[in-house]
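Protein chains in written order, with the UniProt record's numbering: chain A, 1 to 488; chain B, 1 to 488.
Since the hints were made in silico from the structure, they are not lab data. Hints are not guaranteed to be accurate.
As the list claims (entries may be wrong) - DMTMM-like, lysine to aspartate or glutamate: derived pairs with alpha carbons at most 25 angstroms apart:
(1) B:K367 - A:D393
(2) B:K299 - A:D393
(3) A:K367 - A:D328
(4) B:K299 - A:D457
(5) A:K367 - B:D424
(6) A:K299 - B:D393
Said to hold, decoys possible - So, partial list: chain A residues that the calculated Cβ filter (under 8 angstroms) puts toward chain B:
(7) L58
(8) Y61
(9) L202
(10) L330
(11) P333
(12) V334
(13) F335
(14) Q368
(15) E372
(16) F398
(17) S399
(18) I412
(19) V419
(20) P425
Think of the CB as a built atom: it goes at the ideal place given N, C-alpha and C, for glycine as much as any other residue.
There are 2 protein chains.
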Amino acid sequence: MSDFFPVLRVLGALLTFFSLGMFVPWIISWTHADGLRHVWAFSAAISFACGAALWGGLRRYKRELQPRHGIFLVSLTWVLLPLFATLPMMWALNDIGRPINFTHAYFESVSGLTTTGATVLARLDALPVSINVWRTFLQWLGGMGILVLAVAILPLLGVGGSQLFKAEVAGPIKDSKLTPRVKETAKGLWGIYATFSAACFLAYWAGGMSAIDAMMHMFTTVSLGGLSSHDASFAYFASPLLEGIAVIFMLAASCNFALYFIALRKGHWRGFWRDPELRGTLAALVGGGLVVALVLLAKGVYGPVDALRYGMFHAISVGSTTGFAIVDYLAWPVFAPLFMLLLSSVATSAGSAGCGIKMVRVLILVKQARREMTRLVHPRAVQPVTLGAMVVDHRVIFSVLAFMLVYGVTTISLSMLLVLSDLDPVTAFSAVLASVNCTGPGLGSVGPAGNFSVLTDFQVWVCTFAMVLGRLELLSFIALLTPSFWRK
Amino acid sequence: MSDFFPVLRVLGALLTFFSLGMFVPWIISWTHADGLRHVWAFSAAISFACGAALWGGLRRYKRELQPRHGIFLVSLTWVLLPLFATLPMMWALNDIGRPINFTHAYFESVSGLTTTGATVLARLDALPVSINVWRTFLQWLGGMGILVLAVAILPLLGVGGSQLFKAEVAGPIKDSKLTPRVKETAKGLWGIYATFSAACFLAYWAGGMSAIDAMMHMFTTVSLGGLSSHDASFAYFASPLLEGIAVIFMLAASCNFALYFIALRKGHWRGFWRDPELRGTLAALVGGGLVVALVLLAKGVYGPVDALRYGMFHAISVGSTTGFAIVDYLAWPVFAPLFMLLLSSVATSAGSAGCGIKMVRVLILVKQARREMTRLVHPRAVQPVTLGAMVVDHRVIFSVLAFMLVYGVTTISLSMLLVLSDLDPVTAFSAVLASVNCTGPGLGSVGPAGNFSVLTDFQVWVCTFAMVLGRLELLSFIALLTPSFWRK
Ligand SMILES: [K+]
Ligand SMILES: [K+]
Chain A
1 MSDFFPVLRV
11 LGALLTFFSL
21 GMFVPWIISW
31 THADGLRHVW
41 AFSAAISFAC
51 GAALWGGLRR
61 YKRELQPRHG
71 IFLVSLTWVL
81 LPLFATLPMM
91 WALNDIGRPI
101 NFTHAYFESV
111 SGLTTTGATV
121 LARLDALPVS
131 INVWRTFLQW
141 LGGMGILVLA
151 VAILPLLGVG
161 GSQLFKAEVA
171 GPIKDSKLTP
181 RVKETAKGLW
191 GIYATFSAAC
201 FLAYWAGGMS
211 AIDAMMHMFT
221 TVSLGGLSSH
231 DASFAYFASP
241 LLEGIAVIFM
251 LAASCNFALY
261 FIALRKGHWR
271 GFWRDPELRG
281 TLAALVGGGL
291 VVALVLLAKG
301 VYGPVDALRY
311 GMFHAISVGS
321 TTGFAIVDYL
331 AWPVFAPLFM
341 LLLSSVATSA
351 GSAGCGIKMV
361 RVLILVKQAR
371 REMTRLVHPR
381 AVQPVTLGAM
391 VVDHRVIFSV
401 LAFMLVYGVT
411 TISLSMLLVL
421 SDLDPVTAFS
431 AVLASVNCTG
441 PGLGSVGPAG
451 NFSVLTDFQV
461 WVCTFAMVLG
471 RLELLSFIAL
481 LTPSFWRK
Chain B
1 MSDFFPVLRV
11 LGALLTFFSL
21 GMFVPWIISW
31 THADGLRHVW
41 AFSAAISFAC
51 GAALWGGLRR
61 YKRELQPRHG
71 IFLVSLTWVL
81 LPLFATLPMM
91 WALNDIGRPI
101 NFTHAYFESV
111 SGLTTTGATV
121 LARLDALPVS
131 INVWRTFLQW
141 LGGMGILVLA
151 VAILPLLGVG
161 GSQLFKAEVA
171 GPIKDSKLTP
181 RVKETAKGLW
191 GIYATFSAAC
201 FLAYWAGGMS
211 AIDAMMHMFT
221 TVSLGGLSSH
231 DASFAYFASP
241 LLEGIAVIFM
251 LAASCNFALY
261 FIALRKGHWR
271 GFWRDPELRG
281 TLAALVGGGL
291 VVALVLLAKG
301 VYGPVDALRY
311 GMFHAISVGS
321 TTGFAIVDYL
331 AWPVFAPLFM
341 LLLSSVATSA
351 GSAGCGIKMV
361 RVLILVKQAR
371 REMTRLVHPR
381 AVQPVTLGAM
391 VVDHRVIFSV
401 LAFMLVYGVT
411 TISLSMLLVL
421 SDLDPVTAFS
431 AVLASVNCTG
441 PGLGSVGPAG
451 NFSVLTDFQV
461 WVCTFAMVLG
471 RLELLSFIAL
481 LTPSFWRK
């Protein structure tokens, strides 16, 4: 057990910093006088105290972390931080006379921090503004945390997507590397994230949102989170301009943040546009939008202009795992929402706040499959798998294979568990996909106009578990279940 | 083009032999006097003439086949033979005043030869006996063809499952090898197949079936085909004894036929029972039966005895890709039929007449994933993937990876095509899975009590394509689409 004390020490530090985040809704509660200041202040104090106690109490255990420690740390973070985010959520909702149970509150917190954006709450417009700020700010924090995880911490652990990621940046832009030290890398990425956030906020504000709406929707756009302060989501604004701004920022945020970092640092953008994953992500999202638009047009749902507007917006919103909606797209022919949900499994880049399989894995799988085809015809052909200018190592291909198996088995098993609990197959599979890809809205009863509160507590827990698994790139969590993990 | 003449020559030979198969329904038509003798006689004559013309006309092109020729031959065989099987099917049904269109007739023939067992025909009990004999005999022929393909021809081409298969038999039973020459191997396997067939026929007959029913159901049991001469399928007999016999032969036929061959040849069975794929297949089918039985019991569908009887029979029937039914199991909680359909994707062994992913690939995937988990925790660990006593080569793992990608992409794309054509998602996905796994009955409108004739012609063609793809182990057909295939 004491083997894991250094992990708990770091966790204490993370919780301490996290508690400071509660000052954002506290400030909003103060400026907007929504009567919930005490909730945020006391929750922050409790979280700070717990974090600081853990951090300080275990300060003797400052030690270099090993891979298994890293896996443990990351897994525990995504389980524990939502717990402390749940405290003010339950408290505040209770104080305004709309209490929710722990299952729902924890789900809402996990959905926030993992940037999933599924919700069990209704009548969002009637909520005190600080609650909505907290919900959306959780996504922004989660997005930031993921970037550091994906770019700075996970590569050190050699975990799935990050391994790929390392390979990725080493490829087309071989001469320059990400700043090798974790701290500096993290700072650089946060710089990009902050710049994007500021730009997105200003664009929304200039485009006609109120300042507070611009902030909340900025929070959930750059993090690909998709929560909104309005029940109508983006339809509330009824503004093609704002929809266009959202599309641009969702596209930008679906790409690898490290590419921006490197391009800005080097001052030229040639390598940026040549990056195969970036091209893949943009092609998938824009191409997906065209497919949906064509289907809507061909099936006579809309005329050409509306088909393009609604098709593009929703395909990019759902495909990028964000999940904003302007219309209840479940009323469309079922091909469209299903296609968009599947798109969200593959479209986003590693090194973004997106979830799911990630474009880089898709590219490796396709190239590897193409090589096998050639081998069928020319058995003696020797051909490496390449991505951009780089040869993909066998170990990376093996890790992609393992990821795909775990992804498939997890998705199917959790869906079957929901089916066993008497959920219909379409709702079950889409709820799990929407959770494991951190997309948010699914199909059936958990669609964009529906709500995860129709599920039983058991079903909500399954989805909560799926969100955490998806966020952890699956493997790292599953690794916890292997006996070799617990052997010293 | 002349490059492919040697392929057409072999195809001519195959067609010539295939035409002889039409004498089976001809004999039955004669002994049962069902008035269709002319159909079988003329169809046989036409097929024989076409085959012989092709064979004879291209006799100058007798040449050693290269891998690309083999792929072309195999693909063309599964497209062309059903075409000639369609001729008497349409003719006979037309003569009895129940004409069907070409789309349906071709579907029925492909469903027969690929051992899928999906049907567009209704009122089977009212059909002239020779038509039912032809339908079921097609499955028996198809099963035999697959065994030779899988065991004797495909390994020479290095195609997917067969490459695995080579690896497989080289493993636990390293010292003995399948007789190296194709002809001898094929003879040995046909010997096993014939022995199984004789035993199954006698068991069914002794168990209470009429001789003709015993023959037809033997045809579709040992080939894991699942067609029946009765609308009620196995419920017609209402005999737990016959159901038990079917279960035993379905289990036996789901295993690798080469294992029987080797065990019989060597005269001892230790290696047989130690084979990891055999254990995997039996565990999956029997374990799957227990799961279904438990679910039926827990959900209060049946008492313990009936839950075990119906759960076991249907899980093994569907899971082994056979598809016999005693009850309309779509009335069960949807978990059960969905679970059985998924089981049919993975349960059967390579070297059986089963279809889908095959147990050997599942085992390799699982072991490979387990290795990656260990690597996450101990990055420097070097650990080969083993199956039984054998180390699985990297190339095999890569080919499994490619297969899984093509399997996933094919299944999802074809399902989405059906959804696009306005089929509901559950029917669409299950129809494609039931086709690509050669299972037969799906869910929704294409369930065990339903029928593929509810689909539009376009949808029927998609399913036909899926059956052929599944039978070709996907890769070989997809290889036809790569440019390098057509380059000399
Ligand atoms: K989301
Ligand atoms: K079948």
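**Prompt:** Is the hint on S399 of chain A kept, meaning its closest Cβ partner in chain B is under 8 angstroms away?
**Reply:** 6 angstroms, holds
**Message:** Let's test the interface hint: is any C-beta of chain B closer than 8 angstroms to that of P333 of chain A?
**Reply:** Holds, about 7 angstroms.
**Request:** Would you check whether I412 of chain A satisfies its interface hint, that is, whether its CB is within less than 8 angstroms of any CB in chain B?
**Result:** 7 angstroms, holds
**Message:** Against the 25 angstroms threshold, does the CA-CA distance of K299 of chain B and D457 of chain A hold or violate the hint?
**Reply:** Given that 25 angstroms is the threshold and the Cα spacing comes to 19 angstroms, the pair holds.
**F398 of chain A as chain B interface residue, shortest Cβ-Cβ below 8 angstroms** = 6 angstroms, holds
**Message:** V334 of chain A was flagged as interface toward chain B. Is the shortest Cβ-Cβ separation under 8 angstroms?
**Reply:** 6 angstroms, holds
**Item:** Pair hint K367 of chain A and D424 of chain B, alpha-carbon separation not exceeding 25 angstroms
**Value:** 33 angstroms, violated
**Message:** Please verify whether K367 of chain B and D393 of chain A have alpha carbons no more than 25 angstroms apart.
**Reply:** Holds - the C-alpha atoms of D393 of chain A and K367 of chain B are around 20 angstroms apart, at most 25 angstroms.
**Restraint outcome when P425 of chain A is required to lie within 8 angstroms of chain B by C-beta distance** = 5 angstroms, holds
**Request:** Classify the hint on F335 of chain A as holds or violated, based on whether any CB of chain B lies nearer than 8 angstroms to its CB.
**Result:** 5 angstroms, holds
**Request:** So, Y61 of chain A near chain B? Judge it on the closest CB pair being under 8 angstroms.
**Result:** Interface hint status for Y61 of chain A: violated (20 angstroms vs cutoff 8 angstroms).
**Prompt:** For the pair supplied as a hint, K367 of chain A and D328 of chain A, is the alpha-carbon distance within the 25 angstroms limit?
**Reply:** 37 angstroms, violated
The structure does not agree with the numbered hints 2, 3, 5, 6, 7, 8, 9, 10 stated previously, though it agrees with the rest.
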